[in-house]
Amino acid sequence: VNLLRRLGPALLPPVLAVVVALVISSAVMAALGVNPFDVFAVMLDFGDTPAQQTTAMVVIVNRAIPLFLAGLAVAVAFRMGLFNIGVEGQYRLATIVAAGVGAAVALPGPLHILLIVIVAVVVAALWAGIVAVLKVTRGVSEVISSIMLNFIALGIASFLLTGPLRGSPEGASIISTREIPESGQMPGINALFDVLGLANPPRQLYGFLVVAIVVGIAIAVLLNRTRFGFDLKASGMSPSAASASGVNARAMVIKTMLLSGAVAGLIGLPDLLGNTHSYTTDFTAGLGFLGIAVALLGRNRPLGIAFAALLFGFLDRSLVPLQIQDYPSSVVTIVQGTIVLAVVVANEIARRVARRSAERGTAAPVGGIVPGDGGTGVGQSVDPEEPNPPAGTGVGVSRTAGAGQTDTDGRGGRA
Amino acid sequence: MSSAVQAPGTRPSRGPITDLLTGGGRSRRLLWLLLGGLVIFSAVRVISGEEALTSSSTMSAALLLAVPIGLAALGGLFSERAGVVNIGLDGMMILGTWGAGFAGYQWGWGAAIIGGVLFGALGGLLHALATVTFGVDHVVSGVAINILAMGAARFLSELFYTDNEAGGGVTQSPPVSSDPPSFSLPVLSSGPDLLGDLERQGWFLISDLAGILRGLTSGVAVVTIVAVLLIPASYLLLWRTAFGLRLRSCGENPAAADSLGVPVLRMKYIAVIISGALSGLGGVFLVFIAGIYRENQTNGRGFIGLAALIFGNWRPGGLAAGAGLFGFADALQLRSRTAVVALLLLVAVLLAAVAFWQGLRRKALQAVLAAAVAGAALVGFLTIDELPPGIVSFTPHLTTLLVLSLASQRLRMPKADGLVYRRGEH
Numbered sequence: 001v002n003l004l005r006r007l008g009p010a011l012l013p014p015v016l017a018v019v020v021a022l023v024i025s026s027a028v029m030a031a032l033g034v035n036p037f038d039v040f041a042v043m044l045d046f047g048d049t050p051a052q053q054t055t056a057m058v059v060i061v062n063r064a065i066p067l068f069l070a071g072l073a074v075a076v077a078f079r080m081g082l083f084n085i086g087v088e089g090q091y092r093l094a095t096i097v098a099a100g101v102g103a104a105v106a107l108p109g110p111l112h113i114l115l116i117v118i119v120a121v122v123v124a125a126l127w128a129g130i131v132a133v134l135k136v137t138r139g140v141s142e143v144i145s146s147i148m149l150n151f152i153a154l155g156i157a158s159f160l161l162t163g164p165l166r167g168s169p170e171g172a173s174i175i176s177t178r179e180i181p182e183s184g185q186m187p188g189i190n191a192l193f194d195v196l197g198l199a200n201p202p203r204q205l206y207g208f209l210v211v212a213i214v215v216g217i218a219i220a221v222l223l224n225r226t227r228f229g230f231d232l233k234a235s236g237m238s239p240s241a242a243s244a245s246g247v248n249a250r251a252m253v254i255k256t257m258l259l260s261g262a263v264a265g266l267i268g269l270p271d272l273l274g275n276t277h278s279y280t281t282d283f284t285a286g287l288g289f290l291g292i293a294v295a296l297l298g299r300n301r302p303l304g305i306a307f308a309a310l311l312f313g314f315l316d317r318s319l320v321p322l323q324i325q326d327y328p329s330s331v332v333t334i335v336q337g338t339i340v341l342a343v344v345v346a347n348e349i350a351r352r353v354a355r356r357s358a359e360r361g362t363a364a365p366v367g368g369i370v371p372g373d374g375g376t377g378v379g380q381s382v383d384p385e386e387p388n389p390p391a392g393t394g395v396g397v398s399r400t401a402g403a404g405q406t407d408t409d410g411r412g413g414r415a
Numbered sequence: 416m417s418s419a420v421q422a423p424g425t426r427p428s429r430g431p432i433t434d435l436l437t438g439g440g441r442s443r444r445l446l447w448l449l450l451g452g453l454v455i456f457s458a459v460r461v462i463s464g465e466e467a468l469t470s471s472s473t474m475s476a477a478l479l480l481a482v483p484i485g486l487a488a489l490g491g492l493f494s495e496r497a498g499v500v501n502i503g504l505d506g507m508m509i510l511g512t513w514g515a516g517f518a519g520y521q522w523g524w525g526a527a528i529i530g531g532v533l534f535g536a537l538g539g540l541l542h543a544l545a546t547v548t549f550g551v552d553h554v555v556s557g558v559a560i561n562i563l564a565m566g567a568a569r570f571l572s573e574l575f576y577t578d579n580e581a582g583g584g585v586t587q588s589p590p591v592s593s594d595p596p597s598f599s600l601p602v603l604s605s606g607p608d609l610l611g612d613l614e615r616q617g618w619f620l621i622s623d624l625a626g627i628l629r630g631l632t633s634g635v636a637v638v639t640i641v642a643v644l645l646i647p648a649s650y651l652l653l654w655r656t657a658f659g660l661r662l663r664s665c666g667e668n669p670a671a672a673d674s675l676g677v678p679v680l681r682m683k684y685i686a687v688i689i690s691g692a693l694s695g696l697g698g699v700f701l702v703f704i705a706g707i708y709r710e711n712q713t714n715g716r717g718f719i720g721l722a723a724l725i726f727g728n729w730r731p732g733g734l735a736a737g738a739g740l741f742g743f744a745d746a747l748q749l750r751s752r753t754a755v756v757a758l759l760l761l762v763a764v765l766l767a768a769v770a771f772w773q774g775l776r777r778k779a780l781q782a783v784l785a786a787a788v789a790g791a792a793l794v795g796f797l798t799i800d801e802l803p804p805g806i807v808s809f810t811p812h813l814t815t816l817l818v819l820s821l822a823s824q825r826l827r828m829p830k831a832d833g834l835v836y837r838r839g840e841h
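Those protein sequence lines, which keep their order, are chains U and A. Once you know that position 57 of the first sequence is 57 in my numbering, the rest is easy, because the numbers rise by one and skip nothing. In my numbering, each number is its position in the second sequence, counted from 1, plus 415.
No lab work stands behind these hints, which were simulated from the structure alone. Misleading hints may appear alongside valid ones.
Stated by the list, open to error - Not the full set, but computed from the structure, chain A residues with beta-carbon under 10 Å of chain U:
| # | residue |
| --- | --- |
| 1 | LEU544 |
| 2 | VAL555 |
| 3 | GLY557 |
| 4 | GLY566 |
| 5 | LEU721 |
Remember, it's a predicted structure, so these values are computed and weren't measured experimentally. Backbone N, C-alpha and C fix where the C-beta goes; we use that ideal spot for every residue, glycine too.
Could you put the whole structure together from the sequences, leaning on the hints where they help?
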């Protein structure tokens, strides 16, 4: 019961938001003459045979892996109040360079994969680093610069693809880089299904799943159990309080963006290493923007992001079946968009309710707060060991003192 | 900084470029800067032989492309002056393009304008609802609106255009059924076409000026002129009326405004809805350019508009200058890939001036950096003949980034911009 009481407040807003979003998007669909229940039925229909069902699951998980990494990349920056909207450009550029390098060298298996991963991580981190450097040295808003760098990255990627890294013959309808040799391809982990006693589907489950889980755990530990993570969250909640306690704000911006970019570099790799083995004109796009949605939905915590990624993966899986059955497949995007809006509104409402009940001094469980959570935080210290991320904006800093941009609940640990 | 501007005889661009960028300069200084810019442009044009740099066709394309960016920036101005950060400009613009396409193919260009404005305003209303009523973080809401707008436009297109006998499909509408009227300035740009004659002479400075003027006066749509006039109109509305003062007070100090009886929340709603309507109108102009709604037509122009707003220091004149610059960069990359190379020479000259100026101020690091980049740009100009399409496509975005990184330190945003305001919490 205690666990439920603790988790309830954290779970309630997202669940509520998903329900509200489903209702709203159903209403939109109904208003435009599409039967929402038929659409949902298609979404939930995984097929009849066990193999079909596990295939559907593999499709969902395979889609969720890059979404999870994208959400993680966004969330790392979010935690410190930075909006890394440039994830899209970071991973596209990183993936094409990694694909080019991977195709150009021949190394023994694991080393080859490692090289590709490192190249992708370094390229994306450097690209994100430009944003950070512009912010700390020239005061350019990271939102604008990362959006502009998105366009530049996509332009460079298309130049690389049609120019130096082109591997497909002239006149081919889909331009691609040269294929990465066998040693640089990551095998699937379908053995998992045999172990679990499920039907082994024809489609390969990406081996990158393991990497994603490891990265997720590493980020969780880094954010919640280390000095760096503490500084990062403190800077996000109250820059003035953080700098007063000796955190170098500029260095934190650069480190955080480098970390965020490094994670972003991994986004394209599940598909690259596990499926396409080359970067093509129709390589998975838009993951960076979906990552923002996933991060918001998952409330910037690795576990939440994992669930959010699975939800989005589930929604995306239904794209093809919807198209086959002649429904407008963009309802998926509508549902995703409304979920995001609903979840940020729900978070905000939950946070306000929590604050109000905290002000009244009654830590009502319905209010969505952990007992002892002072919304207005009179001298409440931020404790990195606390499993529930610290509430309150630090030491007696009022809600708005953090200059608004630091004030979303989207990243904070409250409510 | 005043020391660098005193002598009017010196080349004005050597003075603080940031003055122009912050929009705070006096009109004479501005005139000098414009003239200096023209001289540099003509010189670059003559040296590189790229007629496209100042040709009338480039200029009229620049005007066409600058208008949507300027309108988006103007939308941002209303919203941010009232204290609501609007990252969702691009989404509202997308809604505007869809609305314009939908109304335009059925009832012509007049309806297209109304449709686009209405759809944009709808996006603005959503943003206002999320940020003002529910107190959601402004950037988060804006990002969500961008995602939502893309999905909504796709969804509506699938619904209305797939089996439409008028044409269109999943990603585009049927063509707009009529074009907005356009006109050319008599004698100068049409008929005898005196400016056209001058432009064809290829004279230093004079032909460039003629080309620019002709580009801005021949074959201009009436609605474009109205759109350009919206900028001074917004200035008058925001800085010369009681309504404007109240609106701006919500962006500077909402608590104080509230205590003086300004209906802060209502003002914010009005501002954000106007913001959406203006960005939607920007979308309408994109539809007019193509004569059709296409998916991804905005191509991030809402974001460029936002950058123009920041570049223009949250002021109408500045944002117009920013929009003009980005429109020009966009037009140039569409018109001529070789002309973009000539821009490198321009960058080299400007950065050399920056390096010189920083050197005077004894900032060795900045001076060396600027000089190094200037040198690289010069080498690029001398060695590259034509840039590949992938690289050229992001000219406006790179320009934005360069300009912002050179300019953005002296900018001052509205004081309460981005803060969630709720009564009684201050």
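Broken hints, by number: none
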